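Enquirer: In case you want the letters, here they are:
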Amino acid sequence: AQSVTQLDSQVPVFEEAPVELRCNYSSSVSVYLFWYVQYPNQGLQLLLKYLSGSTLVKGINGFEAEFNKSQTSFHLRKPSVHISDTAEYFCAVKETSGSRLTFGEGTQLTVNP
Amino acid sequence: EPEVTQTPSHQVTQMGQEVILRCVPISNHLYFYWYRQILGQKVEFLVSFYNNEISEKSEIFDDQFSVERPDGSNFTLKIRSTKLEDSAMYFCASSEFTVVAFGSGTRLTVV
Chain A
1 AQSVTQLDSQ VPVFEEAPVE LRCNYSSSVS VYLFWYVQYP NQGLQLLLKY
51 LSGSTLVKGI NGFEAEFNKS QTSFHLRKPS VHISDTAEYF CAVKETSGSR
101 LTFGEGTQLT VNP
Chain B
1001 EPEVTQTPSH QVTQMGQEVI LRCVPISNHL YFYWYRQILG QKVEFLVSFY
1051 NNEISEKSEI FDDQFSVERP DGSNFTLKIR STKLEDSAMY FCASSEFTVV
1101 AFGSGTRLTV V
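Chains as they are written, first to last, in the numbering used here: chain A, 1 to 113; chain B, 1001 to 1111.
In case anyone wonders, no lab produced these hints; they're calculated from the structure.
Do not rely on the hints blindly, as some may be mistaken.
Here are some chain B residues pointing at chain A (derived, C-beta under 7 angstroms) [to be verified]:
id, residue
1, 1040
2, 1105
3, 1107
4, 1109
5, 1111
FRET-style restraints, in silico, Cβ to Cβ [said to hold, decoys possible]:
id, chain 1, residue 1, chain 2, residue 2, range
6, A, 113, B, 1066, 47 to 57 angstroms
7, A, 14, B, 1068, 40 to 50 angstroms
8, A, 30, B, 1062, 27 to 37 angstroms
9, A, 15, B, 1068, 26 to 36 angstroms
10, A, 52, B, 1015, 42 to 52 angstroms
Over the 10 angstroms line for every Cβ pair with chain B, so calculated as not near, a few chain A residues [said to hold, decoys possible]:
id, residue
11, 11
12, 30
13, 58
Note that the structure is a prediction, hence the values are computed from the model and not measured.
Idealized CB from N, CA, C, for every residue including glycine.
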């Protein structure tokens, strides 16, 4: 079975600062990796995905993530955050042969002026 | 952009009552899912549905839960006899293959 650990439950940053949200996963088989964002009172929106190929993937809103197989990590980064990036961010993993997504606990990103 | 639609957005029900949560997945998607998120906790997988049958279910998805695709567009989750601990946000989702799109959720409150 797969599992996901998001190492920080809350990350406060100032506007225009860089940010990294950390995610580690565990699985005995090949996986796909995802980051979803949840704005207050809304559903889950896909930010980016790693399916195969280049380990650096770019998503919406200027976010990117790097898949590191040896460290089983998929950290999310943005070089300069905006107030509007304040939201909960979820890392998720899916076995390539399976149907379920397994989510991490989530990281609340708060961008302060 | 096509999206997964869920109704209602909020539902309050009395303990022991049956509740049906409704969803319209994206039209060309083949796989359908239900997830739930208890307040303050992580998003948890309940069930996946493909080709008119359950393809996978979690340990949470016990006999009080059922899913149905009653026609070509709707996908429903039924909870037969609700308990207080069923209070959560329930997300419907669908996918063509790998990438899963989520609806905005139905907040279920059991009183």
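Enquirer: Falls inside 27 to 37 angstroms, the C-beta gap from residue 30(A) to residue 1062(B)?
Expert: Since the Cβ atoms of residue 30(A) and residue 1062(B) sit about 30 angstroms apart, the hinted range of 27 to 37 angstroms holds.
Enquirer: Does the hinted range 26 to 36 angstroms hold for residue 15(A) and residue 1068(B) at CB?
Expert: Roughly 47 angstroms apart at Cβ, these two residues miss the hinted range, so it is violated.
Enquirer: Are residue 14(A) and residue 1068(B) spaced within 40 to 50 angstroms by their CB atoms?
Expert: For residue 1068(B) against residue 14(A), whose Cβ atoms are near 49 angstroms apart, the range 40 to 50 angstroms holds.
Enquirer: At 10 angstroms, judged by beta carbons, does residue 11(A) keep clear of chain B as stated?
Expert: holds (17 angstroms)
Enquirer: Against the range 42 to 52 angstroms, how does the distance between the Cβ atoms of residue 52(A) and residue 1015(B) compare: consistent or not?
Expert: holds (47 angstroms)
Enquirer: Checking hints one by one. Is residue 1107(B) an interface residue toward chain A, by the C-beta closer than 7 angstroms rule?
Expert: Interface hint status for residue 1107(B): violated (9 angstroms vs cutoff 7 angstroms).
Enquirer: In terms of Cβ atoms, is chain B entirely out of 10 angstroms range of residue 30(A)?
Expert: holds (12 angstroms)
Enquirer: If you take the shortest Cβ to Cβ gap from residue 1111(B) to chain A, is it below 7 angstroms?
Expert: violated (21 angstroms)
Enquirer: Would you say residue 58(A) is clear of chain B, with no C-beta pair closer than or equal to 10 angstroms?
Expert: The assertion about residue 58(A) holds, with a minimum of 15 angstroms to chain B.
Enquirer: Okay, residue 113(A) versus residue 1066(B) on CB: inside 47 to 57 angstroms?
Expert: holds (48 angstroms)
Enquirer: Once the shortest beta carbon distance from residue 1040(B) to chain A is found, is it less than 7 angstroms?
Expert: It is violated, given that the least Cβ distance between residue 1040(B) and chain A is near 10 angstroms, above 7 angstroms.
Enquirer: Can residue 1105(B) be said to touch chain A, with a Cβ gap under 7 angstroms?
Expert: Holds, because the Cβ-Cβ distance from residue 1105(B) to chain A comes to roughly 5 angstroms (cut-off 7 angstroms).
The structure is inconsistent with the numbered hints 1, 3, 4, 5 and 9, although it conforms to all the rest.
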